[in-house]
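Colleague: Chain residues, written in single-letter form:
Number of protein chains: 2
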Amino acid sequence: MTREDGRPELRRDPLIGGWTIVAPGRSRRPGGGTGARTVKGPCPFCPGNERLTPPEVWAEGEKGRRRDGPGWEIRVFPNLYPALAEAPSAVGKVGRRTLPANGYHEVIVHSPHHDLALARMDPEPAFRLMRAYRLRYRELCRRPGVRQVLIILNHGREAGASLEHPHTQVFALPLVPGAVREELRRLRRAGSRGCPLCAAVEEARREGRTVLENGSFAALAPFSARQPYETWFVPLRHREDFSRAGEKELRGLADILRRTLRGLNELLDDPPYNLWLHSAPCGEEHPYYHWHLELIPRLAVTAGFEMASGMFINPVPPEEAARRLAEAVG
Amino acid sequence: MTREDGRPELRRDPLIGGWTIVAPGRSRRPGGGTGARTVKGPCPFCPGNERLTPPEVWAEGEKGRRRDGPGWEIRVFPNLYPALAEAPSAVGKVGRRTLPANGYHEVIVHSPHHDLALARMDPEPAFRLMRAYRLRYRELCRRPGVRQVLIILNHGREAGASLEHPHTQVFALPLVPGAVREELRRLRRAGSRGCPLCAAVEEARREGRTVLENGSFAALAPFSARQPYETWFVPLRHREDFSRAGEKELRGLADILRRTLRGLNELLDDPPYNLWLHSAPCGEEHPYYHWHLELIPRLAVTAGFEMASGMFINPVPPEEAARRLAEAVG
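Those sequence lines, one after another, are chains D and R.
Numbering of the first sequence is given in this note's numbering, commencing with residue 8 and proceeding in unit increments.
Numbering of the second sequence is given in this note's numbering, commencing with residue 8 and proceeding in unit increments.
Among these hints, one or two may not hold up.
Chain copies aren't distinguished; within one or between two, either way the pair holds.
Stated by the list, open to error - In silico SDA-like links for lysine to any residue, alpha-carbon gap of 25 Å or less:
1) Lys70 <-> Arg141
2) Lys47 <-> Thr309
3) Lys70 <-> Cys205
4) Lys47 <-> Pro278
5) Lys47 <-> Glu165
6) Lys47 <-> Leu87
7) Lys47 <-> Leu106
8) Lys47 <-> Leu275
9) Lys255 <-> Glu292
10) Lys47 <-> Gly215
11) Lys47 <-> Pro77
12) Lys47 <-> Leu123
13) Lys70 <-> Glu334
14) Lys47 <-> Arg213
15) Lys47 <-> Leu170
16) Lys255 <-> Leu243
Derived from the structure by calculation, the hints contain no laboratory data.
Since we're looking at a predicted model, the values are computed, not measured.
Based on the provided sequences and hints, a complete structural model is requested.
Modeller: Here it is as structure tokens:
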């Protein structure tokens, strides 16, 4: 049963095994689950409208600017419709099939500019955005009870973005979600045979699936890409933990994201996409893990087959997608 | 590398572990993965247009009707853009990370009527449709190399239906897909503690999550429903295998599907949905398994969080969804 105070709750399914966040408060957000997605009125993420968001937790901008006033370049605040409830500790009483959905759900607004997509940001602001990712990642990972921090960028309505102004969401969870757990399991098992993600970079080079490389990252179409133009961004240096990425790596990440996204825009006319960062669980030792980002353009509707099977059907061979995208990146 | 004859190929991901069907032929279908979904011209599923589909493999209709002519009530043929390739045997050479995507991909057209959704079918034709499901299930399960048959109904564009005329797809796969494998694992593990799906029926009764029951099925909102109004249809008799469902059960299934779908229409104004059937792998012994159907209305766009975590956020508590839907079912 849902907890009576309406707080979100994590529920585990006995058949499927996965966890769901039952979050009644989310139904109040624009288009929140049961109706059309309509956002009326002024953009709450634009400068001058700061009163429309919860108070900020961090911002970067002009010296001497007033908190929750304009003059910022990047601004972070709790999501108005959080999927997770802030609590003194994210640790909660674990039931046989429930867990309080304690944690943090933040929004990082990329810039004051309503129409400036990450693809078109200049190198320096894009680097500062990556630095803000790392800052929030580090900060939230340190809080009691947080086991996993996910950084997620939804671009475009069809990708689930309910507001147009470019922003990123940060989820700090009290458990290691299934998708990360599965990666941990596979990378640990590969063990002495070497890291599958390091191998994926080599294989992509050999098999013509590299989109782009710079000094610190490879962008590649994975061998079994789930969707057309699925792209992974893999740091060339094997490291388990995003929080230890240095300035050179953050600049490299900003560079490869911008260039790949520009290529996608060239090729597919500003497609909606989801982009997310996977790093090892907070404060744990998983030396075999390799942090990375995954990007999936939302070109096709996933249908019953994906739900029924847990598999995907991809009509564009990744070799072909990588070749076209590499050409578009130029 | 994609096989040079353009045949579909199954690829396993070393990081994520899941399988993807890389099916270049699918990109030719309407809206096939990389563009807008536009279907022009006459409906290929309407009577009189049989020449627009591959030759039928089975049909039910008037006595003495000509094959691939009109006069049918239900018609089955191979999908024009198959995700799986027919082969003498579905068994193929297994590579370290590939498997030929051999199998069968069929379409069952529900009725000659272009606008007759399952929700509005009369009891007798709906029963005959369920019987056709069982017939194709049995037939395809028997073929060499087929390990799993999935029956999937996508309703509405937002649910991935590329054609409006009500139809169901049948996928006969050369492997047990991840979603079924996970259920098998959990149900086997539960073992002596009793079947979790039988328990789910009891729990739903106790906790107010039953939508509807008839003599042979329960429709319920699962405890950790992934999406608002997710509904499971569970046979009250524990059986592993859909192919052994009897006439009474098929009539009960038609009845509970029709009534639940009418309730959903009442409540949500003809929502798009995915509906699929899970049964134990073909010809194997899994007495702990419990066949069933799962339905998810497509009310919200799944976004980066679901992809990044493998989890779901559901803004409508299943207790509330079940209560509302039970009222609408009347």
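Colleague: Give a verdict on every hint.
Modeller: Here's how the hints hold up against the structure:
Taking the shortest alpha-carbon separations for Lys70 and Arg141, only the intra-copy value of 22 Å comes in at or below 25 Å, while the best inter-copy value is 71 Å. In this homomeric assembly, Lys47 and Thr309 come within 25 Å of each other (Cα to Cα) only across copies, at 22 Å, whereas the closest approach inside a single copy is 28 Å. In this assembly of identical chains, Lys70 and Cys205 lie within 25 Å of each other by CA distance neither inside one copy nor across copies; the values are 42 Å within and 63 Å between. Taking the shortest alpha-carbon separations for Lys47 and Pro278, both the intra-copy value of 23 Å and the inter-copy value of 24 Å come in at or below 25 Å.
Both within a single protomer and between protomers do Lys47 and Glu165 lie at most 25 Å apart by alpha-carbon distance, with minima of 18 Å and 23 Å respectively. Proximity of Lys47 to Leu87 under the C-alpha cut-off of 25 Å is restricted to the intra-copy arrangement: shortest distance 16 Å within a copy versus 43 Å between copies. Within a single copy, Lys47 and Leu106 get their C-alpha atoms no closer than 35 Å, and across copies no closer than 50 Å, so neither meets the 25 Å cut-off. For the identical chains of this complex, Lys47 and Leu275 are inter-copy neighbours only, at 23 Å across copies versus 28 Å inside a copy, given an alpha-carbon limit of 25 Å.
Taking the shortest Cα distances, Lys255 and Glu292 sit within 25 Å of each other inside one copy (24 Å), while across copies they are farther apart (56 Å). Taking the shortest alpha-carbon separations for Lys47 and Gly215, neither the intra-copy value of 46 Å nor the inter-copy value of 36 Å comes in at or below 25 Å. In this assembly of identical chains, the alpha carbons of Lys47 and Pro77 lie at most 25 Å apart only when taken from the same copy (21 Å versus 51 Å across copies). Taking the shortest Cα distances, Lys47 and Leu123 sit within 25 Å of each other inside one copy (20 Å), while across copies they are farther apart (37 Å).
Taking the shortest alpha-carbon separations for Lys70 and Glu334, neither the intra-copy value of 43 Å nor the inter-copy value of 58 Å comes in at or below 25 Å. With identical chains, the CA atoms of Lys47 and Arg213 are never at most 25 Å apart, being 50 Å at best within one copy and 42 Å at best between copies. Taking the closest pair of Cα atoms, Lys47 and Leu170 come within 25 Å of each other only inside a single copy of the chain (10 Å); across copies the shortest separation is 33 Å, beyond that limit. In this assembly of identical chains, Lys255 and Leu243 lie within 25 Å of each other by CA distance solely inside one copy; the values are 12 Å within and 61 Å between copies.
When held up to the earlier numbered hints, the structure conflicts with 3, 7, 10, 13 and 14 and fits the remainder.
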